[in-house]
Structures are given as structure tokens and as C-alpha cells.
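Novice: Please work from the sequences and hints to get the whole structure.
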Amino acid sequence: LDDGLILFFALLPIPIYMFFRSSSLRHHQGHQQSQRKRRLFLQSTMTTFFVVLIVKLSSGSSWTTMLDLFLEVLLRFLFITLVITFLSLSYIMLKVRRKASESMPENQPTRVKSIAFHPTESSWMILALYSGHVVICKGDDDDDKSFCRYAVSPGYVVRACLFAPNNNDTWIAASDDKMIRVFHNRDGRLLHEFQGHDDYIRSLAIIVVSTGRSLLLSSSDDMTVKVWDMESYECLKTLHGHLHYVMQVCSNPHNGETGIFATASLDRTIKFWSVDEDDSLFTLDGHEDGVNAIDFCRCHDDDENENDSHHHGNNTPFLVSASDDLTVRLWNYQTRQQLHILRGHVENVTAVRFLWNHNGDSSSSLGIVSTSEDCTVRFWSFRSCPSTYSNNNEEEEEKEDGEAAIKTIQYARLGRGWALATKRGSAANHHQVTIGLDQACMVLNVQSDGDSGTVTVSKETNMSEHILETGQHVPAVVHSNSMIV
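Numbering-wise (the working numbering), the sequence shown opens with residue 20 and increments by one.
Take the hints with a grain of salt, since some may be wrong.
What the hints assert, rightly or not - Just the calculated beta-carbon pair ranges, DEER-fashion:
# : residue 1 : residue 2 : range
1 : 214       : 263       : 37 to 47 Å
2 : 476       : 259       : 39 to 49 Å
3 : 101       : 212       : 26 to 36 Å
4 : 479       : 212       : 36 to 46 Å
5 : 300       : 98        : 22 to 32 Å
Hint data in this document are derived by calculation from the structure and do not stem from the laboratory.
Owing to the predicted nature of the structure, the values given are computational and were not obtained by experimental measurement.
Just so you know, even glycine gets a beta-carbon here, dropped at the ideal spot from N, CA and C.
Specialist: Below you can see the structure in the form of C-alpha cells.
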């Protein structure tokens, strides 16, 4: 081989490396092993190049000859780089078009983006669908369940929905057309419609302050959180502080009367706010990638009126978070310390909920459930959750408590997990977990043993066929901006 070809093949791995690096940009910073391999590959290539250069100089080649050689190699290198760039861009565009086609709302009729239970009617459940619909389910028994399907914003994804508190007559939905809509529960009439944000609305929550006044909270891709009056639906406050999409807003069941709530963002932080303040109160920082979901510990088996997210259980200051760094993390938000890191998911963790708190104190048994884009649902249990945390034992604590979940359920055929909702069942150790997936909505009846920390799934129901039904049993309701589907 001539000298030009030798240098050319020595440099050839560089554009190949650039191609694979660009195709792997979606991978997360937690993949340190892959990053080390790529760095080693690039270092080896550059070493080969300099070895060839030193050999040619030591063989007596003149600088003029070496300059000509470099120009020849540079032209070849630029040519092959352009070819590989063109092929990589063509490949990326093809993937983008294919993904966009698969992600059209009409092509995902059963993907569930949000799930919520009614604050007082525990047998009522509301689902937000990727297709632009909302499904309301009423009844505990499978034979007695009734389903109503409403066309909220056809052509736009509905990412958040909930029932209004202290009122059985209304429910609220937010969609990708940046609108928030309020509907009548009995007949699906549109009561109010207003623009909520300047970008996609990711989450909704209700907070009831000390005066008994109900406020609506919303978070968005416009990096803001807004506070709305539930009677006039006037925007009372717009909160700034996050540097990326605000994926979830969650009211604090223990400090709700004081107007305290928290938000999770793709800027890797969790911020605490008050409806009376313009700036955040404090920030929990520790995740290595965006935070998708949070939940306050509000589950107490001694509470008679427990439901999904609106009861005021024990005063355990725990918060759990789910992130694109593939971890679930447990925090004490009073001391602002990270207690545990739970590892096991292999893709983005999209939703997390507290499942139980058997004793209701700082030495209680805690249960957590999470779902992910790895198509699994994982149950985690703590026999004891410390109220304090020693930084000196940080690595040991993480290793001991974060290796694996106590139970993992795989739903590979049904796609990725997107949403979770939990409520207590008929007995103290019985729980209902509802999971929103790409192609299904699964309801699990779970039994937990606080002493042994075990979880048993006693019953599993797929509600997808009810979500897809049309006709008399599942009417499509129309408002001024939607069509019958």
C-alpha cells in the first residue's frame, strides 16, 4: 500500500466513530461504560495516525513529501466523511419519518398518558389517551364497570387529566393544543376552555389551601408552572425557575393547606414551591438526567379514606422520584437529603408512586411501584426508611438498597409504561395498581406483606378492549372544537 492509503485507513475510523456517536446521542450519561469504549476507540485511532507519521519522518521523508501526503489523505478523508455524513443523515431522516408516523395520535389508540382516581369516589378512574380522548371508568367489579369515552382534542395528545375535588360534577383535561378544558361529568359538556401555556402541558394537580379554596396547578414544556383559580379559571401566578420542560407538578398532602407543592423537570432538579411565593423555596438536586415523575408519601394503611392522591395520611416527609438516568430515588424533603437510589430499570423511568406505608412512622415499611420505557413494572420495598442519612455511608447505602426490585413484571408485548395510579383495596394489605402502557391499560390487584416485604399479584385485568369500544357503551362526546370519532 502507498503512504496515502496507509494514513487514509489510519484515519478512517474517525468518521465511523462520528457516525456511531451521533446515532447514540439519545443514550444517557449513566452509560459510562459505553463512553469509555468510545474514548478508547478514538484514542487508538489517533495513536495509529501518529505512529505512521513518526515512522515516515524517521525513514527520511522530507517535509514537502509529507505535506503532499497529508493533502492527499485530507482530500480522501473529506470525501469519505461527506459520504458517511450523507448516509447517516439519510438514515436519521428515515427513522424520524418512521417514528413520526408511528407516533401519530390516531395510530396509538390505547396509549395511556395519565391516570387519576376520584378524590372521594374511589371506584371512579379517569384516563388520558394519546389519541386525544379521555376515558372515565366507574365501578370496582369487572361486571359492573361502565366506561365513557370522550373526544377532548382529536389530533392532539391528552397528557393530563383529573377529577375536580369536592365536586362530582366536573373533570379537567390538558392537551397538546396548549388548552385546558373543564367538562361536566354526567354528560361530557364542555364548561370552560382556555389556553393554559405556550407549549405542551405535561401535568395537572389540585391543591386546597387553608381557606378551603381549590387551586389548579399546571406544568408545561414552556418551563413554567401556573396557578389557576378553580372558580374563575383565572391565572393567579406564573412561576419561573426551571431550565427545561416541567414534567410533573405534585401537591404535598401534608403541607397542602400552606400551599406547598413540588415539580419535576428535565433540568435534573426537583423544586419546592408555595402558591404565595414567586420563587422556589428550595431544590433537590442529585439525578444525573431529567426527572420525569415524583410522588409524596401519602399512603397509610390505617387511613380509612385512602384513595389515589387526595388523602392526608401520615406525616412522613418522603418523596420519590423517577428519572431518565434509569433510577428511582427516595428523598427526605425536610432534611433535603437523598436516602436511597434504586437501580434496575434499563430505560427511562417514566412514572413512580408510593404503594404503602404500613406503620406510618420513620421506621415503617415502605412500598414503591415504578414503570419505565423498558416495558416493566417494578415493585420496591423497604423494611426500614431512615429519617436521617449519613454522607459518610453514601456509597454503602446506595449499593445495599439499590440493586434490584423485589418483583418485576414484564409487558414486552404491550409496550412501554407511561403512567401509574394506586389506591388501597378492600383490605389493609391489598392495593390496586393501574398501569398505562403503549398498547394496554393494566389493572393489578396487589397484596403486600409488610413483615417480609413481599408482593403478590392476585389478579390482572386488561382494560384495553373497553378503551377501544365505541357505540352505546362508550359514547364519544362532542364539543365545539372536536369531532365525533
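Novice: The structure should be examined with respect to each hint, and the outcome stated for every one.
Specialist: Each hint tested on the structure:
Take residue 214 and residue 263: their Cβ atoms lie about 22 Å apart, and the range 37 to 47 Å is violated. For the pair residue 476 and residue 259, the supplied restraint of 39 to 49 Å holds, since their beta-carbon distance comes to about 43 Å. Range check, residue 101 to residue 212: about 51 Å between beta-carbon atoms, so the 26 to 36 Å window is missed. In this structure the supplied range 36 to 46 Å holds for residue 479 paired with residue 212, their Cβ-Cβ distance being about 38 Å.
Between residue 300 and residue 98 the Cβ separation comes to about 58 Å, which falls outside the hinted range of 22 to 32 Å.
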